[in-house]
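> The primary structure of each chain is shown beneath.
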Amino acid sequence: MSTLTDTLALAASGMQAQAQRLRHVSENIANADTPGYHRKFIDFRPAAIAGDAFGQESGVMPGPVRLDRGELPRIYDPGHILADETGHYDGSNVDLMVEIADAREAQRSYEANLRMFDQARQMSQSLIGLLRR
Amino acid sequence: MQVSASLAARSYGAARPLTSPDAEAAGSPATAGARLAEDFAQVLQRAETTAQQAMTGDADPHALVASLSEAQLAVETAVAVRDKVVEAYLEILRMPV
Numbered sequence: 001m002s003t004l005t006d007t008l009a010l011a012a013s014g015m016q017a018q019a020q021r022l023r024h025v026s027e028n029i030a031n032a033d034t035p036g037y038h039r040k041f042i043d044f045r046p047a048a049i050a051g052d053a054f055g056q057e058s059g060v061m062p063g064p065v066r067l068d069r070g071e072l073p074r075i076y077d078p079g080h081i082l083a084d085e086t087g088h089y090d091g092s093n094v095d096l097m098v099e100i101a102d103a104r105e106a107q108r109s110y111e112a113n114l115r116m117f118d119q120a121r122q123m124s125q126s127l128i129g130l131l132r133r
Numbered sequence: 001m002q003v004s005a006s007l008a009a010r011s012y013g014a015a016r017p018l019t020s021p022d023a024e025a026a027g028s029p030a031t032a033g034a035r036l037a038e039d040f041a042q043v044l045q046r047a048e049t050t051a052q053q054a055m056t057g058d059a060d061p062h063a064l065v066a067s068l069s070e071a072q073l074a075v076e077t078a079v080a081v082r083d084k085v086v087e088a089y090l091e092i093l094r095m096p097v
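Order-wise, the sequence lines are chains A and B. Just so you know, we're using our numbering here: the first sequence kicks off at 1 and counts up by one. Just so you know, we're using our numbering here: the second sequence kicks off at 1 and counts up by one.
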């Protein structure tokens, strides 16, 4: 029983991490046209969950937010308020294609964790259901 | 005759603690039942706290769903065990005396 409840907690930690990832993707997309914006991303690291029967770091948690240090594109717009003497200003290094792919990956991983959650719950329910016959 | 009876009584008294049931042992049904009830109450308490936190915006919905599922499974387990106990009791009541 406790391994199945561990599975529930692990799947919940995975879903939480993917939701956090999607939050940063949406932040990037919202700032795609902000001048001087660096793309933000997070990576995952193992973490302990509450009541883990094995006493090790088996869950997942999002790590600290990191900035993409890639070069900002130079956009030519002499009328822009941030334009320098050559008529260029720094755009953001958000690539919408990359962000959409990242969002889709987060969605698929979330669904996988959701299925795991549902399966563990069904297994526990059918185990308890044996007592009712 | 007198000596052998007292000897028998003494050795019986010495052997008695070995065979008497230990109430503090982990396998004892009373303590196991008490621990089970305590765990059950803890699970329900945790679900309640998480639900309150989620309503006030402190906890995220994933933790809410996880603890509510855990509470649902705990309640289903308790109901199934209770049904079994009641069934056994009724079985005993139906026994012809």
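To be clear, the hints were calculated from the coordinates, so they are not data collected in a lab. A portion of the hints provided could be inaccurate.
Selected chain A positions facing chain B (in silico; Cβ < 7 Å) [to be verified]:
| # | residue |
| --- | --- |
| 1 | 80 |
| 2 | 97 |
| 3 | 128 |
Reference excerpt, derived from the structure (chain A facing chain B, CB under 7 Å, subset only) [as the list claims (entries may be wrong)]:
| # | residue |
| --- | --- |
| 4 | 3 |
| 5 | 12 |
| 6 | 15 |
| 7 | 34 |
| 8 | 36 |
| 9 | 40 |
| 10 | 69 |
| 11 | 126 |
| 12 | 127 |
| 13 | 131 |
Just a sample of chain A residues kept apart from chain B, beta carbon distances all over 10 Å, derived [unchecked claim]:
| # | residue |
| --- | --- |
| 14 | 5 |
| 15 | 8 |
| 16 | 11 |
| 17 | 43 |
| 18 | 44 |
| 19 | 65 |
| 20 | 81 |
| 21 | 86 |
| 22 | 90 |
| 23 | 117 |
Even glycine gets a Cβ: it sits at the ideal position worked out from N, Cα and C.
> Would you mind marking each hint as holding or not holding in the structure?
To see whether the hints hold, each was checked on the structure:
1. Contact between residue 80/A and chain B, as hinted, is not supported at the beta carbon level, the nearest pair being about 40 Å apart and thus beyond 7 Å.
2. Below 7 Å, beta-carbon pairs count as interface contacts, and residue 97/A has none with chain B, the closest being about 29 Å; its hint is therefore violated.
3. Checking residue 128/A against chain B: minimum C-beta separation of about 5 Å stays under 7 Å; hint holds.
4. Annotation: interface hint on residue 3/A violated; nearest CB of chain B at approximately 13 Å, more than 7 Å.
5. Evaluation of the residue 12/A hint against chain B yields a held restraint, the C-beta minimum of about 4 Å falling below 7 Å.
6. Proximity of residue 15/A to chain B holds as hinted, the smallest CB-CB distance being about 5 Å (cut-off 7 Å).
7. Taken as an interface hint, residue 34/A does not check out: its beta carbon lies about 27 Å from the nearest beta carbon of chain B, beyond 7 Å.
8. For residue 36/A, the interface hint is violated, since its Cβ never comes within 7 Å of a Cβ in chain B; the closest pair sits about 31 Å apart.
9. Because the smallest distance between the Cβ of residue 40/A and any Cβ of chain B comes to about 20 Å, over 7 Å, the interface hint for this residue is violated.
10. Interface hint status for residue 69/A: violated, as the beta-carbon distance to the closest one in chain B is roughly 30 Å, over 7 Å.
11. Restraint check, residue 126/A versus chain B: the minimum CB separation of about 11 Å is more than 7 Å; hint violated.
12. This hint is violated: residue 127/A has a C-beta 9 Å from the nearest C-beta of chain B, more than the 7 Å allowed.
13. Hint status for residue 131/A: holds, given a least beta-carbon distance of 4 Å to chain B, under 7 Å.
14. Its closest Cβ contact with chain B, about 6 Å, brings residue 5/A to no more than 10 Å, contrary to its assignment away from the interface.
15. Look at residue 8/A: its CB is around 5 Å from the nearest CB on chain B, not clear of 10 Å, so calling it non-interface is violated.
16. Annotated as non-interface, residue 11/A brings its C-beta within 10 Å of a C-beta of chain B; the closest such distance is 8 Å.
17. Chain B leaves residue 43/A outside its interface by the beta-carbon criterion, the shortest separation being 19 Å against a cut-off of 10 Å.
18. With a minimum CB-CB distance of about 15 Å to chain B, residue 44/A clears the 10 Å threshold, and the non-interface call stands.
19. At roughly 17 Å, the least C-beta separation between residue 65/A and chain B is larger than 10 Å, which holds for a residue marked as non-interface.
20. Chain B leaves residue 81/A outside its interface by the beta-carbon criterion, the shortest separation being 38 Å against a cut-off of 10 Å.
21. No Cβ of chain B approaches the Cβ of residue 86/A within 10 Å, the least distance being about 47 Å, so the stated non-interface status holds.
22. Every beta carbon of chain B lies more than 10 Å from that of residue 90/A, the smallest distance being close to 35 Å; the non-interface claim holds.
23. Non-interface status of residue 117/A relative to chain B is broken: a Cβ of that chain comes within 10 Å, the nearest being about 8 Å off.
Of the hints listed earlier, those the structure fails to meet are numbers 1, 2, 4, 7, 8, 9, 10, 11, 12, 14, 15, 16, 23, in rising order.
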